[in-house]
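Colleague: Taken in sequence, the protein lines are chains A and B. Using this note's numbering, read the first sequence as starting at 259 and increasing by one per residue. Using this note's numbering, read the second sequence as starting at 562 and increasing by one per residue.
Think of the hints as simulated: they come from the structure by calculation, not from any bench. Hints may be right or wrong, so weigh each one.
[To be verified] Cross-link-like lysine to any residue pairs, in silico, SDA-like; alpha carbons within 20 Å at most:
hint	chain 1	residue 1	chain 2	residue 2
1	A	K392	B	M758
2	A	K640	A	D606
3	B	K751	A	S453
4	B	K767	A	E444
5	A	K392	B	R838
6	B	K767	A	F363
7	B	K751	A	E339
8	A	K392	B	V753
All values derive from a computational prediction rather than experimental measurement.
Residue-level listing of the chains:
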Amino acid sequence: MSQDVLIQIKGLFKIFGAKPRTIMPMIEQGKTKQEILDNTGHTLGLKDINLDIKRGEIFVIMGLSGSGKSTLIRHFNRLIEPTAGQVLVEGNDVLKLDEGALRMFRRQKMSMVFQHFGLLPHQTVVNNVAFGLKTQGVEKKERLAKAKTWLADVGLEGYEDQYPAQLSGGQQQRVGLARALCTDAEILLMDEAFSALDPLIRSEMQDQLIQLQETLHKTIVFITHDLDEALRLGDRIAILRDGELVQVGEPKEILLKPADDYVEAFVKDVNRARALTVENVMKAPVNRITAQTIGEALEQMRASTKDYGYVVSDDGFKGAVTQETLEEAIEESDASGSDLLSDELYEDMAEISPSNLLEEVIPETLDNECPLPVVDEEGKLKGVLSRSRLAEALGSS
Amino acid sequence: MSWITEFPELSRETLVTVRKTLDSSYREFSREYGENIEAFFDPLLYFLVWFEKLLLATPWWLMIAIIALITHLAARSWRLTIGVIISLFLIGLFGMWEDTMSTLSIITVSTLLSIALGIPIGILMARSDRTQAFVTPILDVMQTMPAFVYLIPVVMLLGIGKIPGLIAVIIYAIPPVIRLTNLGIRLVNKEVLEAAMSYGVTPWQKLWNVQLPLAMPNIMAGINQTIMMALAMVVIASMIGVAGLGQPVLRSITNQYFALGLLNGLAIVVLAIIFDRVSQAYAKRSQQYLGGRE
Ligand SMILES: Nc1ncnc2c1ncn2[C@@H]1O[C@H](COP(=O)(O)OP(=O)(O)OP(=O)(O)O)[C@@H](O)[C@H]1O
Ligand SMILES: [Mg+2]
Numbered sequence: 259m260s261q262d263v264l265i266q267i268k269g270l271f272k273i274f275g276a277k278p279r280t281i282m283p284m285i286e287q288g289k290t291k292q293e294i295l296d297n298t299g300h301t302l303g304l305k306d307i308n309l310d311i312k313r314g315e316i317f318v319i320m321g322l323s324g325s326g327k328s329t330l331i332r333h334f335n336r337l338i339e340p341t342a343g344q345v346l347v348e349g350n351d352v353l354k355l356d357e358g359a360l361r362m363f364r365r366q367k368m369s370m371v372f373q374h375f376g377l378l379p380h381q382t383v384v385n386n387v388a389f390g391l392k393t394q395g396v397e398k399k400e401r402l403a404k405a406k407t408w409l410a411d412v413g414l415e416g417y418e419d420q421y422p423a424q425l426s427g428g429q430q431q432r433v434g435l436a437r438a439l440c441t442d443a444e445i446l447l448m449d450e451a452f453s454a455l456d457p458l459i460r461s462e463m464q465d466q467l468i469q470l471q472e473t474l475h476k477t478i479v480f481i482t483h484d485l486d487e488a489l490r491l492g493d494r495i496a497i498l499r500d501g502e503l504v505q506v507g508e509p510k511e512i513l514l515k516p517a518d519d520y521v522e523a524f525v526k527d528v529n530r531a532r533a534l535t536v537e538n539v540m541k542a543p544v545n546r547i548t549a550q551t552i553g554e555a556l557e558q559m560r561a562s563t564k565d566y567g568y569v570v571s572d573d574g575f576k577g578a579v580t581q582e583t584l585e586e587a588i589e590e591s592d593a594s595g596s597d598l599l600s601d602e603l604y605e606d607m608a609e610i611s612p613s614n615l616l617e618e619v620i621p622e623t624l625d626n627e628c629p630l631p632v633v634d635e636e637g638k639l640k641g642v643l644s645r646s647r648l649a650e651a652l653g654s655s
Numbered sequence: 562m563s564w565i566t567e568f569p570e571l572s573r574e575t576l577v578t579v580r581k582t583l584d585s586s587y588r589e590f591s592r593e594y595g596e597n598i599e600a601f602f603d604p605l606l607y608f609l610v611w612f613e614k615l616l617l618a619t620p621w622w623l624m625i626a627i628i629a630l631i632t633h634l635a636a637r638s639w640r641l642t643i644g645v646i647i648s649l650f651l652i653g654l655f656g657m658w659e660d661t662m663s664t665l666s667i668i669t670v671s672t673l674l675s676i677a678l679g680i681p682i683g684i685l686m687a688r689s690d691r692t693q694a695f696v697t698p699i700l701d702v703m704q705t706m707p708a709f710v711y712l713i714p715v716v717m718l719l720g721i722g723k724i725p726g727l728i729a730v731i732i733y734a735i736p737p738v739i740r741l742t743n744l745g746i747r748l749v750n751k752e753v754l755e756a757a758m759s760y761g762v763t764p765w766q767k768l769w770n771v772q773l774p775l776a777m778p779n780i781m782a783g784i785n786q787t788i789m790m791a792l793a794m795v796v797i798a799s800m801i802g803v804a805g806l807g808q809p810v811l812r813s814i815t816n817q818y819f820a821l822g823l824l825n826g827l828a829i830v831v832l833a834i835i836f837d838r839v840s841q842a843y844a845k846r847s848q849q850y851l852g853g854r855e
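Starting from the given sequences, assemble the full structure and let the hints guide the process.
Modeller: Set out below in structure tokens:
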């Protein structure tokens with residue numbers, strides 16, 4: 259994934275009401291949304307939004323109802339005009355485009371998926387998917403052929419000639435998604451695209467989106483009020499509150515370091531076991547043992563505060579040992595004469611991978627007295643996960 | 562202190578002068594421009610006369626067949642089609658065929674004109690709140706002003722005949738199609754409209770591919786009402802020389818011929834029912850897709 263910035267929002271303000279510009283000074287004085295509404299009847303929609311969205315990422319914007327998510331995403335393709343600020347796509351200010359240029363921009367650069375689908379009820383499914391191309395003036399045969407392949411890609415083969423009202427909600431949203439993909443626009447805007455669907459269908463759609471994204475590498479701006487959805491889809495997440503950005507970061511930053519009480523309240527109810535990976539919560543391995551012999555190992559262990567350790571060599575992680583085992587072994591070795599650390603000394607303990615979800619490692623972690631070693635694909639010891647650390651991460655804060 | 566017990570009216574002389582001035586200036590206006598305005602409407606008159614003659618010249622059985630065919634194509638219902646054939650046949654049997662054809666011609670022409678004028682006006686109204694604020698009171702006046710009152714200036718200007726009759730019918734019948742076009746477009750689902758905008762539609766594409774089709778159920782309802790109102794206006798329009806079923810009705814009022822009035826009244830009702838059922842059935846059939854899963 260290339261990391262260059264594709265969309266930049268700079269100092270964006272949106273005020274709804276009769277004379278939005280007259281309200282700007284009040285905002286500079288630090289008046290709250292409620293004060294402005296009570297005193298002037300204007301609604302502060304967005305306040306000083308600054309965002310960088312990178313090419314190829316799924317950027318999730320999250321917030322409670324009324325926090326301004328829809329307002330913000332509608333600035334991207336200028337369905338809403340801002341009161342102040344800039345929207346830059348590849349460095350070009352969308353707000354400076356004239357009518358014709360804006361149309362071309364909307365046709366080629368961005369496409370959008372809507373919460374309630376926004377399909378044309380009087381057109382068949384295939385015509386709905388081809389709508390963007392029809393708007394561009396693409397010939398009928400060509401656009402229908404293309405629409406059909408996209409319909410197949412979202413799993414709606416055979417539904418071409420149905421009308422939207424004949425489909426279920428999930429199917430209608432697939433049509434909405436196919437319509438958005440059909441124009442080959444680089445940027446996909448999705449405003450609560452899955453919120454109107456029931457949980458099972460919703461998670462199916464999320465899977466499908468992730469799957470499509472693996473091959474398409476679009477830049478997706480995804481709106482949701484559901485943190486589980488945000489964590490599942492988002493490479494990065496922005497949190498909006500009353501029109502202000504309160505935090506932007508990767509899912510684990512949002513979960514583990516909530517910026518304020520609002521975000522904390524948000525993340526409180528999330529199923530952390532499913533949202534966090536071992537890598538997110540593991541601790542650095544403190545008691546590493548780099549010994550060849552039992553004697554050296556025991557010495558290193560006695561120097562540390564713990565009565566267990568993780569033996570590593572140049573090849574990577576070997577195994578975990580306890581002080582008790584070592585002490586027994588050294589007595590035996592005095593008799594046999596061999597002092598080498600052998601495989602049978604290692605504890606019979608599961609190794610876990612950094613990319614495991616916490617949910618997957620809960621049983622193993624709870625089964626063991628000492629922290630589990632976290633070993634990556636190359637066999638290197640990356641960290642350890644203890645019961646207490648796990649409990650802490652799964653707890654409310 | 563007489564204003565406490567009596568309304569402080571303008572004096573009789575003032576009122577008379579006001580009325581006289583208005584009347585004479587309008588008379589002058591119509592004397593000045595009447596002919597030009599009549600000439601302006603000439604093509605319409607020719608068309609109206611031609612169309613009426615065409616309907617009258619067509620053999621009755623062919624006419625019934627054509628109407629039945631149109632009915633069937635629009636509504637796809639055998640019951641309705643057979644009902645239409647029988648009622649038209651009865652109309653002819655009772656000697657009202659020619660009057661019915663005359664009425665049919667003026668209703669058809671006035672409906673087509675109402676649609677042709679009303680839909681664009683409705684579209685303009687939907688595009689701007691200002692236009693809406695300007696047009697709505699005019700429509701209110703058109704619908705509430707007693708029809709006889711605006712017959713007067715029309716007759717003063719154009720005399721008695723088909724064109725003033727047609728204009729009177731249109732003035733009376735056009736408001737529903739305008740109102741419902743405006744309403745229909747304003748009620749178009751906001752998200753669908755946003756979706757269209759987000760794919761970069763031109764204003765024309767937006768109107769043609771999104772707004773009008775989605776407003777169609779309302780527009781159709783407006784057209785239906787317009788037809789019904791035009792039919793209701795037929796009797797009044799016959800007072801100023803429009804041929805058709807209204808004339809015998811008028812005659813039977815002055816001469817107290819109850820049976821004649823009733824029969825012609827019933828013929829108007831039959832026409833109304835045909836128009837109504839056919840246009841409704843067509844609207845319903847063309848909007849099946851809105852229905853939902855089969
Ligand atoms: N056209 C408008 N006129 C006036 N106020 C508006 C308008 N659109 C939005 N608002 C206000 O702006 C604020 C943000 O609205 P927005 O629709 O962006 O919220 P949202 O985060 O998308 O909420 P939801 O989750 O309910 O969709 C709200 O307070 C709303 O009342
Ligand atoms: Mg919203």
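Colleague: Are the hints correct? Go through all of them and say.
Modeller: Outcome of the hint check:
Between K392 (chain A) and M758 (chain B), the direct Cα distance comes to roughly 13 Å. Compliance with the 20 Å bound is thereby established for this hinted pair. A C-alpha spacing of about 19 Å is found between K640 (chain A) and D606 (chain A), which places the hinted pair at or below 20 Å, so the restraint holds. A distance of roughly 18 Å separates the Cα atoms of K751 (chain B) and S453 (chain A); the hinted pair therefore holds under the 20 Å criterion. For the hint pairing K767 (chain B) with E444 (chain A), the CA-to-CA distance comes to about 24 Å; that exceeds 20 Å, so the pair is violated.
Under the criterion of a C-alpha separation no larger than 20 Å, the hint pairing K392 (chain A) with R838 (chain B) is inconsistent with the structure, at around 36 Å. Only pairs whose Cα atoms come within 20 Å are accepted, and K767 (chain B) paired with F363 (chain A) is accepted, the gap being roughly 17 Å. Annotation: proposed proximity of K751 (chain B) to E339 (chain A) holds, straight-line Cα distance about 17 Å (limit 20 Å). Proximity of K392 (chain A) to V753 (chain B) is assessed by CA-CA distance (about 16 Å); at most 20 Å being required, the pair is judged to hold.
Hint check: violations occur at hints 4, 5; the rest are consistent with the structure.
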